[in-house]
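> Hey, can you work out the whole structure from these sequences and the hints?
Just so we're aligned: the sequence shown equals residues -26 to -1, 1 to 533 in mature numbering (1 follows the signal peptide of the UniProt record, and there is no 0).
Don't read these hints as lab results, they were simulated from the structure. Nothing here was measured: the structure is a model prediction, and the numbers come from that model. One thing to keep in mind: the hints can contain errors.
Said to hold, decoys possible - Straight-line C-alpha distance at most 20 Å; calculated DMTMM-like pairs for lysine to aspartate or glutamate:
no.: 1; residue 1: 318; residue 2: 78
no.: 2; residue 1: 282; residue 2: 309
no.: 3; residue 1: 253; residue 2: 232
no.: 4; residue 1: 171; residue 2: 232
no.: 5; residue 1: 171; residue 2: 254
no.: 6; residue 1: 128; residue 2: 189
no.: 7; residue 1: 171; residue 2: 199
no.: 8; residue 1: 128; residue 2: 164
no.: 9; residue 1: 318; residue 2: 380
no.: 10; residue 1: 151; residue 2: 164
no.: 11; residue 1: 171; residue 2: 88
no.: 12; residue 1: 253; residue 2: 234
no.: 13; residue 1: 171; residue 2: 269
no.: 14; residue 1: 151; residue 2: 269
no.: 15; residue 1: 253; residue 2: 269
no.: 16; residue 1: 318; residue 2: 81
Said to hold, decoys possible - Derived Cβ-Cβ restraints for the label pairs, each shown as a range:
no.: 17; residue 1: 256; residue 2: 313; range: 28 to 36 Å
no.: 18; residue 1: 284; residue 2: 134; range: 22 to 30 Å
no.: 19; residue 1: 72; residue 2: 129; range: 18 to 26 Å
no.: 20; residue 1: 129; residue 2: 449; range: 38 to 46 Å
no.: 21; residue 1: 151; residue 2: 440; range: 42 to 50 Å
no.: 22; residue 1: 56; residue 2: 252; range: 33 to 41 Å
no.: 23; residue 1: 530; residue 2: 233; range: 56 to 64 Å
no.: 24; residue 1: 108; residue 2: 276; range: 40 to 48 Å
no.: 25; residue 1: 56; residue 2: 519; range: 25 to 33 Å
no.: 26; residue 1: 284; residue 2: 42; range: 26 to 34 Å
We put the CB at the ideal spot given by N, CA and C, even for glycine.
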Amino acid sequence: MTGSRAFFVRATILTLLTSPVPSVMAKMAGPPTSADSLIRMPKPSDKTDEQLRGNGGHPMLTTSYVGRPGEPVMTARAFLVAQPERFGLTSTQAARLRLVARRDEAEFSVVRFEKIIDDLPIYGGDIAITVLNEGRVLYTANQSIQKLDASLVKHRPVDRQQALDRARAYLGSTTLKPVAARLVAFIDADGAHPAWKIQLVQRGQPSGDWELLVDAVSGDVLRAEDRALRTRARGLVFNPDPLSSSRSHYGAAGLVDDADRNTPQLTRAQFPAIFPAGKENGHHQLAGPYAVCTDFEPPYDSACPIAKTSMLYFDRSHVSFEAVNAYYHLTSYLDYVNRTLGVKAAPYQYAGGLQFDPHGLDGADNSHYIPSTGQLAFGQGGVDDAEDADVIVHELGHALHDWLTEGRLSNAEGLSEGLGDYLAAGYSRDMNQWQPSDPQYHWVMNWDGHNEFWAGRVTNWHLGRRYQEDVRRASLHEAGQYWSSCNLAARDAIGGVAMDRAVLKGIAMTHSDSNQREAAQAVVSAAVAMRYPQAHINALLHAYNVTCSYRVEAPTTTL
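Next comes the structure, spelled out in structure tokens:
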């Protein structure tokens, strides 16, 4: 349910924002010059061991390379140097790759490199190599960019402040808050450009998490993207929402939003919960190891409670109810991920728990995760978003995707949208309220959606559809339903804990442009690496290849 990601290249609108700002759109006019800003390797292919996609993605889905056990960085680098041409590199370029991140799981490590030109990282030029503990390369994800032998202009008259000023002028806003700025190399049809990669966050409405590339020589805006991952009208959830817990339908007596008014039926749907909280100067606050309630976006209504009592009991009409509700579900799910699944997941943007604003986006009917700052904010239009656990966990899914890939989340084919839907649906299904014979069993955002505000999402969208044709024709939100549906089919077969662990560890292997098939292969590879029983592997392959049509396979890990 997160909103669209709008991409712009050289002031060219490729995909319009859902709600464009007139002043911004006026700045972004101009005829298209290219369907893609990067120079890619030719002739896409789709083989069982690798893909070569038209947009440059070049994942090797299975490999046979074996390096030194316990040395993932050395093995990953040696693997790249041994066959650089498969990654669009020369041997020299492969040897000069810069290590940027390493994530260690119990069974494997994900090593990430970035390609460089004249000591500047190439925008979009990162490579992720997954190495098993015994030294076998399990999976790779890569953006294949040509012209790596290009040189950059040394004279760069546009400094950091000038680039920030150009970015603000381009977007037509003076209220954008700068988050980061760094020099990168950007390669397009016109060659290699030294450019400032600018990240700006817009608070209030219209909200946005903008990433722009500003040419360090000419000052031209080479690319702009709103990276905010948004959700629209969300709903009140208790455990997980007032409809599912009572197996009721929206519109039944007392079970409607009604402008946030409370009813006896909604009161009966509330469940008592115990959760960790912070205490400062004798006052209790929603601040714990996994989540922190923070009022960082308008309407700035002090929704995060600060109370002398630890009894934070509010009905759904109280300004602080959504804060408590979101805090509980965020804490509960992150505890499940970190402790039950054993997957390390926390913000990399700052220390401490996930910062969230229960009433953000200036009250709009939307919600978003902001990758640049690592924060979540929930809107209040229609059913308040932070009232529905499906919305809360869906948005958290974007955060997990971002954290597990070290800031390299992909929404190709709606991948991140589908991940959020999958995690949210699994969380709700585990409460054993709706049964498979109920239509609501296959719904996501049961309280927030499927009503007069919006149509909601479903998790049986795969029925009668095939990958890739139907997915490619769909919007990102629709396409994501295929990914969530296929994963839930596998979850039904092998169990929630096993599938959730495989999905999150698989997602950790992926790249900033990974599509659904690549992610499916990564999940299978993760399951094999964790030595899942053959019955689980077979069930997973059946869900991905028979119930759905991803055409993935189980790699061998025998040395």
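> Each hint needs a verdict: does it hold in this structure or not?
Going through the hints against the structure:
1. Between residue 318 and residue 78 the alpha-carbon distance is near 9 Å, which keeps this suggested pair within the 20 Å criterion.
2. The suggested pairing of residue 282 with residue 309 is violated, with an alpha-carbon distance near 26 Å, which exceeds 20 Å.
3. Proximity of residue 253 to residue 232 is assessed by CA-CA distance (about 35 Å); at most 20 Å being required, the pair is judged violated.
4. Only pairs whose Cα atoms come within 20 Å are accepted, and residue 171 paired with residue 232 is rejected, the gap being roughly 45 Å.
5. Distance hint between residue 171 and residue 254 is unfulfilled; the C-alpha atoms sit about 39 Å from each other, more than 20 Å.
6. Straight-line distance between C-alpha atoms of residue 128 and residue 189 comes to about 13 Å, which keeps the hinted pair within the 20 Å bound.
7. For the hint pairing residue 171 with residue 199, the CA-to-CA distance comes to about 11 Å; that is within 20 Å, so the pair holds.
8. With a CA separation close to 17 Å, the supplied pair residue 128 and residue 164 stays within the 20 Å bound.
9. Proposed proximity of residue 318 and residue 380 is supported: the alpha carbons are some 12 Å apart, at most 20 Å.
10. The straight-line distance between the Cα atoms of residue 151 and residue 164 is roughly 31 Å, outside the 20 Å bound, and the hint therefore fails.
11. Between the alpha carbons of residue 171 and residue 88 the distance comes to roughly 15 Å, so the proposed pair stays at or under 20 Å and holds.
12. For the hint pairing residue 253 with residue 234, the CA-to-CA distance comes to about 29 Å; that exceeds 20 Å, so the pair is violated.
13. For the hint linking residue 171 to residue 269, the alpha-carbon distance of about 28 Å lies beyond 20 Å, and the restraint is violated.
14. In summary, the hint linking residue 151 to residue 269 is supported, as the alpha carbons are separated by about 16 Å, within the 20 Å threshold.
15. Proposed proximity of residue 253 and residue 269 is supported: the alpha carbons are some 17 Å apart, at most 20 Å.
16. Taking the CA atoms of residue 318 and residue 81, the gap is near 13 Å; set against the 20 Å cutoff, the hint holds.
17. Against the hinted window of 28 to 36 Å, the Cβ-Cβ separation of residue 256 and residue 313 comes to about 30 Å, which satisfies the hint.
18. Against the hinted window of 22 to 30 Å, the Cβ-Cβ separation of residue 284 and residue 134 comes to about 47 Å, which falls outside the hint.
19. Separation of residue 72 from residue 129 is about 24 Å and conforms to the stated range, judged on CB atoms against 18 to 26 Å.
20. Distance hint check for residue 129 and residue 449: the Cβ-Cβ separation is about 44 Å, which falls inside the suggested range of 38 to 46 Å.
21. Against the hinted window of 42 to 50 Å, the Cβ-Cβ separation of residue 151 and residue 440 comes to about 44 Å, which satisfies the hint.
22. Take residue 56 and residue 252: their Cβ atoms lie about 51 Å apart, and the range 33 to 41 Å is violated.
23. At about 59 Å, the beta-carbon gap between residue 530 and residue 233 stays in the expected band of 56 to 64 Å.
24. Range check, residue 108 to residue 276: about 54 Å between beta-carbon atoms, so the 40 to 48 Å window is missed.
25. At about 30 Å, the beta-carbon gap between residue 56 and residue 519 stays in the expected band of 25 to 33 Å.
26. Separated by about 53 Å at the C-beta atoms, residue 284 and residue 42 break the suggested range of 26 to 34 Å.
Hints 2, 3, 4, 5, 10, 12, 13, 18, 22, 24 and 26 from the earlier list are contradicted by this structure; the remaining hints agree with it.
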